[in-house]
Amino acid sequence: MLVFLLGWEALAGVAVLMVAIPLNALLTRRLIRARRAHLPATDRRVQLTTESAHGMRVLKLNGLDKAFEEKVLKAREEELPFVATEALVFSQQITATVVLPPVAALVAFAAYLLSDSSRELTPETAWPVLSVFSVVRFPIMYLSDVLGQAVQTWVSSGRLERFLGTPDSACSPLVATKEDSCDGRGGDNARRASSAAVGVAEVEVDAGPTAKRVVCRGVDFFWGAADAAGGSFRVHGVDVAVAAGERLFVVGAVGSGKSTLVSGLLGECRRSASGSDGGVGQCVVAVRGSCALAAQTPWIQNASLRDNILYGRPMRPGLYRAALSAACLWPDIAALHGGDRCVIGERGVTLSGGQKARVALARAAYAQPDILVLDDPLSALDAQTQRMVFERLLGPDGMCGNAAVILTTHATSLLRYADKVLLLDKGRVAAYGPPRELLQRHGGPELSRVPSVTAPLADLLTTLSGDKATLFAKSGPPGRTLSKWLPPADDNLQLDEDKYADARQKSMAESAKRALSRELSAAIENGSDADTGAGADVSGNDSGDNSGGNERGATAQDDNKRLGFATAIAWTRAAGGLVFVMLLLAFFLWERAAYIGGDVYLAYWTNDTVNGGVDTERRLMWYSLIVLANVGGAYARTTWFVRGGIVAAGRLFGRLIHKVFRAPMSLFETTPMGDITNRLTYDVETMDGVLIQKGLQAVASMFWWLSGVGVMAVVIPYILLALIPVMAFYGVLHHSYLRAGVQAQQLFAASRSPLQSHLGELVAGAATVRASCAVPRVLAEADALIDYSTRQMLLWMVLSRWLAVRVEILGAIVSFSVGMAAWALRDTLEASFAGLAITWAFNFSITLNFLVLSFSEMESKGVSLHRILQYCRLAEEAPRCVDGEEAACSPGWPAQGALSFQDVSLRYRPSLPLALNGLNVDVSAREKVGICGRTGSGKSTIATALFRLTELAGGRITLDGVDLATVGLLGVRGRACAIIPQDPLLFRGTLRFNLDPLGEHGDFELVEALRKVGLRDRVLAAVAGRETEASVYTCADATEGQGESAAGDEHVLDAPVDGGGANFSHGQRQLICTARALLKGARVIVLDEATASCDAATDALLQGVFRRAFADSTVLTVAHRLATIADSDRIWVMSEGRCVEHGPPDDLMQIDGGAYRAMVACDGQPSA
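When the letters of the sequence shown are read in order and numbered with the UniProt record's numbering, they come out as residues 1 to 1168.
Be aware that a few hints might be false.
Stated by the list, open to error - Capping the alpha-carbon separation at 25 Å, the derived lysine-lysine pairs in DSS-like fashion look like this: (1) Lys-659 x Lys-212; (2) Lys-212 x Lys-420; (3) Lys-420 x Lys-1080; (4) Lys-1080 x Lys-71; (5) Lys-1080 x Lys-212.
Said to hold, decoys possible - Derived CB-CB ranges, DEER-like: (6) Ser-911 x Met-793: 20 to 28 Å; (7) Gln-149 x Ile-786: 16 to 24 Å; (8) Glu-78 x Gln-149: 45 to 53 Å; (9) His-1001 x Arg-873: 33 to 41 Å; (10) Ala-780 x Arg-926: 51 to 59 Å; (11) Met-18 x Leu-829: 46 to 54 Å; (12) Pro-22 x Thr-166: 34 to 42 Å; (13) Ala-812 x Val-146: 21 to 29 Å; (14) Arg-321 x Ala-37: 36 to 44 Å.
Treat the hints as calculated values from the structure; they're not laboratory data.
Keep in mind it's a predicted model, so treat the numbers as computed, not measured.
The beta carbon of each residue, even a glycine, is placed where N, CA and C say it ideally should be.
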């Protein structure tokens, strides 16, 4: 058509348009390079933010939240230049697509006119040509979007391809095979079998009650690649067999290989034949039957307590009640709002450590496995509860009495009940066999060379001596009465299940009433049916009430609000405020004025051509200047908008991170972690890129639409008669679309949070999932969540096409109306101006479609901005620093460390009962206090109150006479108090960073802290390549090498630490946290189950370290292992948030019927 109108000279303009192809290719390559450079910086920022969010409790307890906030902001500063580069490349693409059509028309006109001086530009030539070039504008604009999305898809697909191309885990799952020939790859040909027979030549296997469930012959378990096995830590020479009903207890020092052995039996680590160094060799790893795992760190899903126990299995009421009884959960259920249907939060944040462990044990018991693997879950329980759980779960009459049990433990008092004991020392099997045989071999050379197990063996042999030794005499197959071995239970420990069932039913009835009231109110307010809201509860919590439910409901309701004017104002303020808006308006007016001016000038030019001769060259020069002004305006408004978007993204992210780090712990306890990380990752990425792009397109489309309406109304005023009804219908259409489209986008955004939470849970509980053969089910759940998210995206895309069809119809009506009006006014309307109006009407439908889609996409993507701004308005916890704090506290405060709890009451949330109820106790300066009690009695809540993670509901806590509520949080957490937490958490980086995140100590101090806890030499060995990252770090080494030089200490401190400390065992992480507390030098030290995951020797050694290092500090030690606190100056016995007994241990032992005396008797360990 262009050649028909202008001749071959039109190809000059087409050539300009063709420049868009190589230009876009060039800009796309730049965008790919920018994206590739951008992603590593984004990964670092995302890693830091998600790791900080998951470890926020640890950060706050240690006063490190400010330091990590600054670290995240620094990572953001490193990322922003890449964001800016990517955005500027996008602005260049947009500028090119906007200016190329008018420039192409100018070049075509110039070639047409200058090639022949006799030619003139007439309306019938100019306007069709201009219309063709204008139509091309929008496909080119969409091309930039498509290319940008293609670049992101290309780069992301490459990353996915590299990830999917990595070899699958070389570790085979728990399997049953006839003979497993290990090839160093962990048995890639192995399959999972829940109940297959074992047929190994060396092992007699049958289907009887004593059938061998687990058989290992000549196996080494190790982590790392097979070719590096020679220098990697491994458990050597595993040669065990566990039959149905047998209990194998695995003991050893911290880092001796217990968890590695368990992981090997579960197929989580590599294996090889003993002595093969990972090469080809013959070994046997075989099992028979189903399996369940209760890990050292309990895996809890963000679901109700009932769903955590059932774990996808059908409800069997009798079995379910038995599992609750076995785990002693009835009292806890009675205390929970909603009973067993209470949503216990992500990672079980609403439960204590002991409660989480018992939920995991109940889940394992309900599964009724043939093989039960317990990786030291009993260490989180107090002595009384531990005894009851052990009897009800593992006794002959217990739920798992006929299962083959593999239990790793540091509780030496339980060794008397083992059928077999496996002693590990530095990755080697030091002894294995029935306890009676070990007793008979006592003093032999194999045991005398094992100093790390001397204490457990001595305790075991002492226990076995005397009358109880006869208990191990074999009298037939497993089936003994365990209750004969255990002290009789106290009457006050008997669980009346009917009583707690009645309490639970009453609580559930009250919760149901409140839930129904809320649903009816919501239905009236939102105009929806109450049943719809009830049916939307995907958690399965039909009680309608749970801990944290109200808070999360308010958040979810706020998430569903549409992007409003206030959100846009907040963004413009962050982008630069009034200056940004005024300059942006000026640049858009400049660009629009130049563009409209060019068309109007062309109208006058062609009109003058019809009426008489014109100076073509002069008119062409002025037209060129107008087009050049349009180019400048387009570049200015695009660059300025993008620049403002980058500034806003930087500022809003800073506010978001500040609010997240300053938010109270209740946010992390009541909000799914997927929701928090979704804001910190997906929403931030949307704000950085897509929101800027869609915002620019929306604003530009609005100016395009307004200028089009203005031009048509000025040229043909009567067109308003058609435009008014069309625009009224368009308003209804737009409103309907936005209501549905934005909700669809919000549904899509909301569907990502449960998906992220689910995937995060799967990663955290991968071992538990694989051990229980639940991989197909959890993958099906993940597929269902992905499908649901995809359906929400498809819904939004379908709505977009629905709108596009109707907008095209409206545009056709407008074009037809303008054409008819021009024909009706043919006698009064000059042809040039008629062509101007028809050209703009011809583009009106495209402009209108682009306007609606741009605004709807901006509003839908603006949901991410709204969610970010919602967190920017979060309530903050108490100030880090308080004005006048230095005046209230002496310069050396705290100098003594005297604590006073005065009628202290605390509840975690308003809807929950008091966790501390009128606690009144005093602690003298430098006093050592041991705190014990049943799980959930309020022991760890004392630390919560002391460190002000939750503000008191009543009373006060003073330290050296200063009310802690009057002191800034950094003064409490970073200056006065330090803690070694129950759940030790390390952060990705180096050992140096984890020991001293603030960089306040020199290398010598750091190494000395490591040496005191027995880690220095072993970490050095690992770094030197003699052991892996998960090396054997035993406290027996604490006394070795004290006189060695500090050579290599820098390498020790630079040892890598994976996220969460995954390359260290649970006990090793506790030792590192202990070293960190040693460095802090605080006056008040809280040891919250600091040695729960340590063996007795390590525990004793660390207690000595604590006594020396904290001799001048006040120490509060929370422990279930009573021997740990037996040498304390005073003991507190907690029950239901109160201190029911306190005094010196010897005095408490003299109280007949006393709680502490009963606990010592139940624990079976000496009290001093």
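Cross-check of the supplied hints:
1. At most 25 Å may separate the alpha-carbon atoms for a hinted pair to count; Lys-659 and Lys-212 exceed this at roughly 56 Å.
2. Restraint check for Lys-212 and Lys-420: satisfied, since their Cα atoms lie roughly 14 Å apart, inside the 25 Å limit.
3. Under the criterion of a C-alpha separation no larger than 25 Å, the hint pairing Lys-420 with Lys-1080 is inconsistent with the structure, at around 43 Å.
4. Restraint check for Lys-1080 and Lys-71: the C-alpha separation of about 20 Å stays at or below 25 Å, so the hint holds.
5. Our distance criterion of 25 Å between C-alpha atoms is broken by Lys-1080 and Lys-212, whose separation comes to about 51 Å.
6. Taking 20 to 28 Å as the suggested C-beta distance range, the pair Ser-911 and Met-793 does not conform, at roughly 36 Å.
7. Range check, Gln-149 to Ile-786: about 20 Å between beta-carbon atoms, so the 16 to 24 Å window is met.
8. Roughly 25 Å separates the CB atoms of Glu-78 and Gln-149, a value that falls outside the hinted 45 to 53 Å.
9. The given range of 33 to 41 Å is respected by His-1001 and Arg-873, whose C-beta atoms sit roughly 38 Å from each other.
10. Restraint check, Ala-780 to Arg-926: a C-beta distance of roughly 58 Å satisfies the suggested window 51 to 59 Å.
11. A C-beta distance of roughly 36 Å is found between Met-18 and Leu-829, which places it outside the suggested range of 46 to 54 Å.
12. A C-beta distance of roughly 37 Å is found between Pro-22 and Thr-166, which places it inside the suggested range of 34 to 42 Å.
13. Hint check: Ala-812 to Val-146, Cβ distance near 25 Å, so the stated range 21 to 29 Å holds.
14. Between Arg-321 and Ala-37 the C-beta distance comes to about 59 Å, which lies outside the given range of 36 to 44 Å.
In summary, the structure is inconsistent with hints 1, 3, 5, 6, 8, 11, 14 from the numbered list given earlier, while agreeing with the others.
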